[in-house]
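Starting from the given sequences, assemble the full structure and let the hints guide the process.
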Amino acid sequence: MIRHLFTLIWNRKRANFLLVAEIFFAFVVLFVLGSLLVDNYRKYTAPLGFRYEHVWEVAMDPSGQPISRQDATLQRLIQHLKTMPGVRSVASTRSNTPFAFSDSSTDFKAGSHSTNSDIYSAGDDMQDVLSLELAEGRWFTRRDEVAAHPPLVISQEARQALFADGPAVGQIVRAMDDKEFQVVGVLASSYRGRGEFQELEPAIFQRSESLVDPNDSANFDQPRLLIRVQPTATAELEQRITKEVAAVTGGWKATVTTLPEQRTIRMKFALAPMGGMVLVCGFLIFNVALGLFGVLWYNISQRRAEIGLRRAIGATGRRISGQFLGEILVVTTFGLVLGLAIAAQFPLLGVMGIRLPVYLTSMVLATALIYVLTAICALYPSMLAAQIRPAVALREE
Amino acid sequence: MENILTPTATRPHTNGTVPGVATQPVIQLRDIEKIYQTNTIETVALNRVNLTINKGEFVSIMGPSGCGKSTLLSIMGLLDEPTAGVIELDGRPVQSYSDKELAGLRNHKIGFVFQSYHLINDLSVLDNVELPLLYRPGVGGKERRERAYAALDKVGLSTRTNHFPSQLSGGQRQRVAIARALAGRPEIILADEPTGNLDSVMGEEIMELLLNLNRQEGTTIVMVTHDEQQAHKTQRLIRFFDGSQVS
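First to last, the sequence lines map onto chains A and B.
Just so you know, the first sequence maps onto residues 1 to 397 in the UniProt record's numbering.
Just so you know, the second sequence maps onto residues 1 to 247 in the UniProt record's numbering.
In short, the hints are calculated from the structure, not lab data.
Note that the coordinates shown come from a computational prediction; the quantities given were computed from them, not determined experimentally.
Think of the CB as a built atom: it goes at the ideal place given N, C-alpha and C, for glycine as much as any other residue.
Take these hints with a grain of salt, some might be off.
Stretch by stretch, here's where chain B covers chain A in the computed footprint (C-beta under 8 angstroms, at least three residues) [as the list claims (entries may be wrong)]:
| no. | stretch |
| --- | --- |
| 1 | 8 to 20 |
| 2 | 301 to 314 |
| 3 | 379 to 391 |
Given below as structure tokens:
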């Protein structure tokens, strides 16, 4: 019967051409969208590398104070905040805080290996603030101030890129400006400061030598603090921190936000275009489904005599509906074969820069979805075909 | 070389039992009624029809258009249900049969030949002839091919197996339809005006084919026709008028 269905569809290839084309385009759209969604899902489910709950960010505007005094003011502020009830730990950082729309990257080289990595400025308490886990070595300490080479803590991706399977801790890496650093620690996993939808990329933490960039006279890269607070902390603590910043620094303006809030904003920013695409594709697929439904219904009304004949020569109603369902699945197969041939070019040509397993998953999902969609569209017309009374259908021609 | 069933002289038509043919009923209709009901009109297509078709008979049914001939053939072929009455096939009433059982009976016992051939235009001659065997469990692809070739050989179309219906003449199409009916090796062939769309020469050719099938293979044939001359070539002629058998 399968051979019969293929013969029938092949012999009707002209009539089925548009249907095959419709299924082909629907598949390609679903495959592209699916690749994006699957890729984002893969990223979303990968570990962030840090804990953002109960972490607050304090952005400060030190305008008005000479830049030469800002560093000392900030050191004093950190010590002061650490003593506040409700505060667990405080670490300084720069503008590329977790979930911020700001990033900084540079090239690093270790022997024959090199990589471009996100670079994060971190204070000695950052490990505690972000609950960073180390697989090897240690986090920064005050002793690093006198180290021969400024220390670095690197993520697993950076470790892999710079040292492959060789040892990392104690190794010297060179930045783009030929400045040498020494690796003192390796994170247990990735670090994705730009949030859940960031690719698993190398990340390197550099100890904050000075809390304020001495060359940033315009305070473009404003100093920031990350504060881990007690889980019971409320808005009242937020107000006290703001007041404390103003009191200790002599009038710096402070804005306190929480990392969960920042994360929500980042998520919305990432999800909005995806949602838009899903909506547009959903509308397209809905139209394809309606089109398929209409074409199948029309086909069946055009083939009533054939249905009558098949019933006369021994087909049951169930066989008739099975045949029409089978036919649409064969047509779908033709469309999918073409679609899969195009989809296979994506990983070969590196069209979207997505990994092969994601493409393969999307191919399987899009294929399954198209089969389900066409089967659903064919179900009702096929049932109608099965109900056609053979004597009436044969008399109609 | 084409192997059309050998033509033989036609027998004179009789209205009763055919000499040499055992009277073993294959189809029996008892008090068959068929009423088509719409919201406002009730049309009686068949009115208490009693009819027995014996094994090996070639029966023709005649009557004016709309007298219920085709309806009768549909009911005999288990394509339609009567409003009232009993149909027996080989002595067994079939009213209580399921769709699957009825489809099985149609597939194994009955072959249909229609006025407008009802060939599937997108299938080759061979594929069209194979069609009934597709619905028969246990018949593999190779056997289907062999039986289809054999059936086409019988109707003299073994050289047209890869042609499509649109490439054939009306007579050839009807021969393909007959081959399709023969491929399933049915005991009964129900032919609804098989020569109705053909010119007299082609019609004669098809009629000869049916007569030879009946005589050489003992196939029971019930044929609806408007052609008095052809009807008289069959063993029994039944006339219908307004849904009732009149002779």
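To see whether the hints hold, each was checked on the structure:
Residues of the stretch 8 to 20 of chain A with a Cβ under 8 angstroms from some Cβ of chain B number 3, which satisfies the need for three, so the listed coverage holds. With 9 residues having a beta carbon nearer than 8 angstroms to a beta carbon of chain B, the stretch 301 to 314 of chain A meets the requirement of three or more and the stated coverage holds. By the rule of at least three residues with a Cβ nearer than 8 angstroms to a Cβ of chain B, the coverage given for the stretch 379 to 391 of chain A holds, with 3 such residues.
In terms of the numbered hints stated before, the structure departs from none.
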